[in-house]
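Chemist: Protein sequence lines, in the order shown, are assigned to chains D and Z. Number 8 in the working numbering belongs to position 8 of the first sequence; there are no gaps in the numbering. Number 204 in the working numbering belongs to position 204 of the second sequence; there are no gaps in the numbering.
Errors might be hidden in some of the hints.
[Said to hold, decoys possible] Once the Cα atoms are required to be at most 20 Å apart in a straight line, the calculated EDC-like pairs of lysine to aspartate or glutamate come out as:
no.	chain 1	residue 1	chain 2	residue 2
1	D	Lys-25	Z	Glu-476
2	D	Lys-25	Z	Glu-777
3	Z	Lys-183	Z	Glu-107
4	Z	Lys-79	Z	Glu-476
5	D	Lys-114	Z	Asp-463
6	D	Lys-114	Z	Glu-476
7	Z	Lys-796	Z	Glu-777
8	Z	Lys-32	Z	Glu-107
9	Z	Lys-91	Z	Glu-777
10	Z	Lys-566	Z	Asp-134
11	D	Lys-70	D	Glu-107
12	D	Lys-95	Z	Glu-231
13	Z	Lys-721	Z	Glu-777
Bear in mind the hints are in silico, worked out from the structure with no lab data behind them. The structure displayed is predicted, hence computed values, not measured ones.
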Amino acid sequence: MSEFSILVVDDEEEFVATLVQRLRKRGWASEGVLSGGAAIARVAASDFGVILLDMRLPDMDGGQVLQEIKKIRPTSRVVILTGHASASEGEEGIKNGAFDYLLKPVEFETLLEKLEAARNRGP
Amino acid sequence: MTFFLDRLTSFFHGKPRLTPAELQAAFRGHYKEFRALLTANNNALELMAEMEQALTAGHPFGMAFVRGNCTALSVNIYKMIQHLTRLADGKYTELDQPFRAITKQLEQVIASRLVSTEGRTILPMTEVDASTVDQVGEKMANLGEVRNRVGLRTPDGFVITASAARQFIEANNLQVEINRRLKGLDLDNLEALYTVSAGIQSLISNAPLPAELEEAILSHHQQLDTGTQTELLVALRSSALGEDSSNVSFAGQYRTQLNVSREFVTQAYKEIVAGKYKSQAIVYRQQRGYRNQDVQMCVGCLRMVDAAISGVLYSRAPDDPRSPFVIIQAAPGLASTVVDGSAASEQLRVSRTAPHSILHRQAATEQSQSLTDNQGAELATTGVRLEEHFGTPQDIEWSIDQSGQLYILQSRPLGRTLSGETQETIETSAPTDGLPPPILRGGVCASQGVGYGPVFTVRSSLDLLRFPKGAVLVIETPYPDWASLLNRAVAVVSETGQMAAHLATVAREFRIPAIFGLNQALATLKNGHLITVDATAGKVYGGRVESLLALAAPKPNLMAGSPVYKILTQALVHITPLNLTDPASPFFRAEGCQTLHDLTRFCHEKAVVEMFTFGERYGFDDKAAKQLVVENSPAQWWVIDLDDGFAPDFDPESRYVYLGHIASVPMQAIWQGMVAFPWGGPPPVSLGGLGSIIFQSTKNPSLDPAVRSAMASKNYFLISKNFCNLSVRLGYHFALVEANLGEFLTENYVSFQFKGGAADENRRLLRIRLISEILTESGFRVEQKVDAMTARIEKKPTPFLLERLRVLGYLLIHTRQIDMVMADEGMAASYRQKIMADLLTLMDTKTEGRHDPGT
Chain D
1 MSEFSILVVD
11 DEEEFVATLV
21 QRLRKRGWAS
31 EGVLSGGAAI
41 ARVAASDFGV
51 ILLDMRLPDM
61 DGGQVLQEIK
71 KIRPTSRVVI
81 LTGHASASEG
91 EEGIKNGAFD
101 YLLKPVEFET
111 LLEKLEAARN
121 RGP
Chain Z
1 MTFFLDRLTS
11 FFHGKPRLTP
21 AELQAAFRGH
31 YKEFRALLTA
41 NNNALELMAE
51 MEQALTAGHP
61 FGMAFVRGNC
71 TALSVNIYKM
81 IQHLTRLADG
91 KYTELDQPFR
101 AITKQLEQVI
111 ASRLVSTEGR
121 TILPMTEVDA
131 STVDQVGEKM
141 ANLGEVRNRV
151 GLRTPDGFVI
161 TASAARQFIE
171 ANNLQVEINR
181 RLKGLDLDNL
191 EALYTVSAGI
201 QSLISNAPLP
211 AELEEAILSH
221 HQQLDTGTQT
231 ELLVALRSSA
241 LGEDSSNVSF
251 AGQYRTQLNV
261 SREFVTQAYK
271 EIVAGKYKSQ
281 AIVYRQQRGY
291 RNQDVQMCVG
301 CLRMVDAAIS
311 GVLYSRAPDD
321 PRSPFVIIQA
331 APGLASTVVD
341 GSAASEQLRV
351 SRTAPHSILH
361 RQAATEQSQS
371 LTDNQGAELA
381 TTGVRLEEHF
391 GTPQDIEWSI
401 DQSGQLYILQ
411 SRPLGRTLSG
421 ETQETIETSA
431 PTDGLPPPIL
441 RGGVCASQGV
451 GYGPVFTVRS
461 SLDLLRFPKG
471 AVLVIETPYP
481 DWASLLNRAV
491 AVVSETGQMA
501 AHLATVAREF
511 RIPAIFGLNQ
521 ALATLKNGHL
531 ITVDATAGKV
541 YGGRVESLLA
551 LAAPKPNLMA
561 GSPVYKILTQ
571 ALVHITPLNL
581 TDPASPFFRA
591 EGCQTLHDLT
601 RFCHEKAVVE
611 MFTFGERYGF
621 DDKAAKQLVV
631 ENSPAQWWVI
641 DLDDGFAPDF
651 DPESRYVYLG
661 HIASVPMQAI
671 WQGMVAFPWG
681 GPPPVSLGGL
691 GSIIFQSTKN
701 PSLDPAVRSA
711 MASKNYFLIS
721 KNFCNLSVRL
731 GYHFALVEAN
741 LGEFLTENYV
751 SFQFKGGAAD
761 ENRRLLRIRL
771 ISEILTESGF
781 RVEQKVDAMT
791 ARIEKKPTPF
801 LLERLRVLGY
811 LLIHTRQIDM
821 VMADEGMAAS
831 YRQKIMADLL
841 TLMDTKTEGR
851 HDPGT
């Protein structure tokens, strides 16, 4: 995949649908999945520019998903986007290679800034 | 216990004779009720004090505090009534009526709705003005005034009203769940705060809009589309009810969504309604005394202005309401870049009077001038007009579109750094001599003041979660989102930003010193570094600079005037005033209780009276009493143990008890007073010393017609470890002393009743007056009725009461002789002098049975 694209991983279907739609509207290629397993499968198949990862998923722990993603694609940029604020979970995520840690609900414009920052950092 | 009470009550006048076990059970039952009542009384008084303190302390409190305290108070007073009724064998049930009446009034106050949510779900901007504030919120009502009353240009649009938000929340039945999640939330626990906030917002954002409302929004949106080729984009602006009132800015607490296209309008609307529960908004409401139901989220949906240049306009300097100039901050593009602090802006000072000349212009870094002189003058005119219309200095957001037309986006009262009277800056008022060289200087004063603490840099959400209380918040950009940290920060230092940033407005409101636009802040200030921030002078010092901190202004009472503050004030009307002050007054009745305080006063007073009469009400089997063995004492002193009045090694089968077995603290004190001084009076009573007097008085019934039998001359102590009731008939007098020295101050009391017989009226009055004077001087509350008196003292520490018990012990022995020897006032004065001298010694001395009666 040559285009810089976004994978939204979250079990809230409405949230995923809206965010993907908004990102597309602003010119970002994006898609969403609702589980950790699906996220790992998609990452194995495609190289996403940024993966927005919720920490509470129905099938797997977000931290575990992060580690699996980093194993498959060590350079991928994973932005943790969680509604369950936890400094220790955030620190653990950053230690395991997360690019950033954001708290829900993130302002859309702030999210776009983060995506720009990730894209500008280069591969 | 009921058995005994029934039995006791039926024999009330006849005084049933109880066995020792029955008597002890009765006492324990009464004492348990009494103590429970006093505990409830204690709790109630503490709750009242806490609520009164909340009004003056200025610390934040929410409705949970008001509701919780009122409930706890009502529960404690209900308990007091129950305990009193049981203590008094079923009396005082009439208290139920005032209790119900007062608590009903309280409930009405607490449940009061301050927000009107009735009306239409959508109002076009053409119909919006100040009169519609309850439907559209203050921000939009003000904008409606700007458009429809002042006649200035504002973007076309409509407002989705408070009624719409209420319908949305109710249709999804969300409020119960929201309240459940907020209940008991500890705002100091940032992780919990953010998690709960995110959860509630998700709940609202994901709920479906009622179909009718969705159609109405989209239909009004459609009407804004003029059919031009470019896609219609709107801004959705929060306009909370209560927002933008004169002292409360709510600046940046709620959401605004810009450049929203049609397919996202309803989602954006839901997100703005959800924004009511942003973490900083939850904290802010709590800090400022707003209940969640005080805020209803109205949303303005306005056509986006194709802005060439935008900014903020203050009709006066924020720190000087008399300034002769307006302040304008401007940056290319949308106004949001100025207010969120993300763009460097140009700053102008423009004269308020025609021809509105530019007094000062400070360009943004290396930027060319963005605002023309004419535009500056037009803005100044606008600022003055809006200030005149609203009657107070204004904080205005504006945009100039590509064709040069000025649009007003918002106008609200200008929050100030300080009141107009305290303008002097610290730099000019503080001695600069002796100050260390600052480690940083420059920037703009976003909020005046001085703060000291350790540096904590916040760059990410993760840092935000770890921000410690009492630290200096150091940031690169003053995003509004950092506002949730302002209740924890002692000062703010930002590398970028201007005084117009929302964060600056909130910092001014909370009086948190803040310097914005301070170069090199992040590079210079490292985490943990202790610094003093002098925001007024724009300087940062290493370490603590006492001379500057001493000048820091006291924090304002942020709660004053807020809805929660008002509700607490109204609630206290039914709680704290004390109308029942005088127990002797005919209005000291259950029906006279107008407040909860009255009820506590009444219950406490009556409970003490009921306990006082314990000894009077219950007769006892003689076998319960043990005779006190006092060598050579001709008087009979009998002791009845009600609970734990005897030492553990006392043999309960014994008919006698020695002083060494008496574990009752108050009895020991009375006894010490009785034996402290031998009688040193004149001849008629000096024969054979004190023992003889007592002997004579107790053994010779003919001295007093009230003393008719040998039994009546027995003097009884009813005791427990902390309780003592002493009935004394000595010669002419009947006296009753009762004392309780408990764990809590509210349990403590000493009472004394005295009635004398024999002698002529004049002597009796002189005697009573003398005793009254002595007891009043000792701190008793004395009531005198002819030749009978009662004296009481309550809620004093145990050592204080023990001294008074020694005084009473002394008086029991010594005053009984007074009227025998006291022929006139002159003699009374001389005995008074002698007694006072003795008492002074007695209260100073640890008396340890210096004399026994009869020795």
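Chemist: For the pair supplied as a hint, Lys-796/Z and Glu-777/Z, is the alpha-carbon distance within the 20 Å limit?
Modeler: holds (15 Å)
Chemist: Is the straight-line distance between the alpha-carbon of Lys-79/Z and that of Glu-476/Z 20 Å or less?
Modeler: Violated: Lys-79/Z and Glu-476/Z sit about 57 Å apart, past 20 Å.
Chemist: Please verify whether Lys-70/D and Glu-107/D have alpha carbons no more than 20 Å apart.
Modeler: Given pair Lys-70/D, Glu-107/D is violated - Cα atoms ~26 Å apart, limit 20 Å.
Chemist: Verify the proposed pairing of Lys-114/D with Glu-476/Z, using a straight-line Cα cut of 20 Å.
Modeler: At roughly 15 Å apart (the allowed maximum being 20 Å), Glu-476/Z and Lys-114/D satisfy the hint.
Chemist: With a cut-off of 20 Å on the C-alpha distance, tell me whether Lys-95/D and Glu-231/Z pass.
Modeler: With a Cα-Cα distance of about 44 Å, the restraint between Lys-95/D and Glu-231/Z is violated, given a limit of 20 Å.
Chemist: Next pair to validate is Lys-25/D with Glu-777/Z; report whether the Cα-Cα distance is within 20 Å.
Modeler: violated (87 Å)
Chemist: Going straight from one Cα to the other, do Lys-25/D and Glu-476/Z come out at no more than 20 Å?
Modeler: With Cα atoms ~30 Å apart, Lys-25/D and Glu-476/Z exceed 20 Å; violated.
Chemist: Would you mind confirming whether the straight-line C-alpha gap from Lys-114/D to Asp-463/Z stays at or under 20 Å?
Modeler: holds (16 Å)
Chemist: Decide if the proposed pair is consistent with the structure: Lys-566/Z and Asp-134/Z, CA atoms, cutoff 20 Å inclusive.
Modeler: holds (19 Å)
Chemist: Going straight from one Cα to the other, do Lys-183/Z and Glu-107/Z come out at no more than 20 Å?
Modeler: holds (19 Å)
Chemist: Assess, step by step, whether the Cα of Lys-91/Z is no farther than 20 Å from the Cα of Glu-777/Z, and give holds or violated.
Modeler: Violated, at about 35 Å.
Chemist: Quick one, are Lys-32/Z and Glu-107/Z close enough, alpha carbons at most 20 Å?
Modeler: Answer violated: Lys-32/Z to Glu-107/Z is near 31 Å, above 20 Å.
Going down the numbered hints, you'll see the structure goes against 1, 2, 4, 8, 9, 11, 12, 13, while the others check out.
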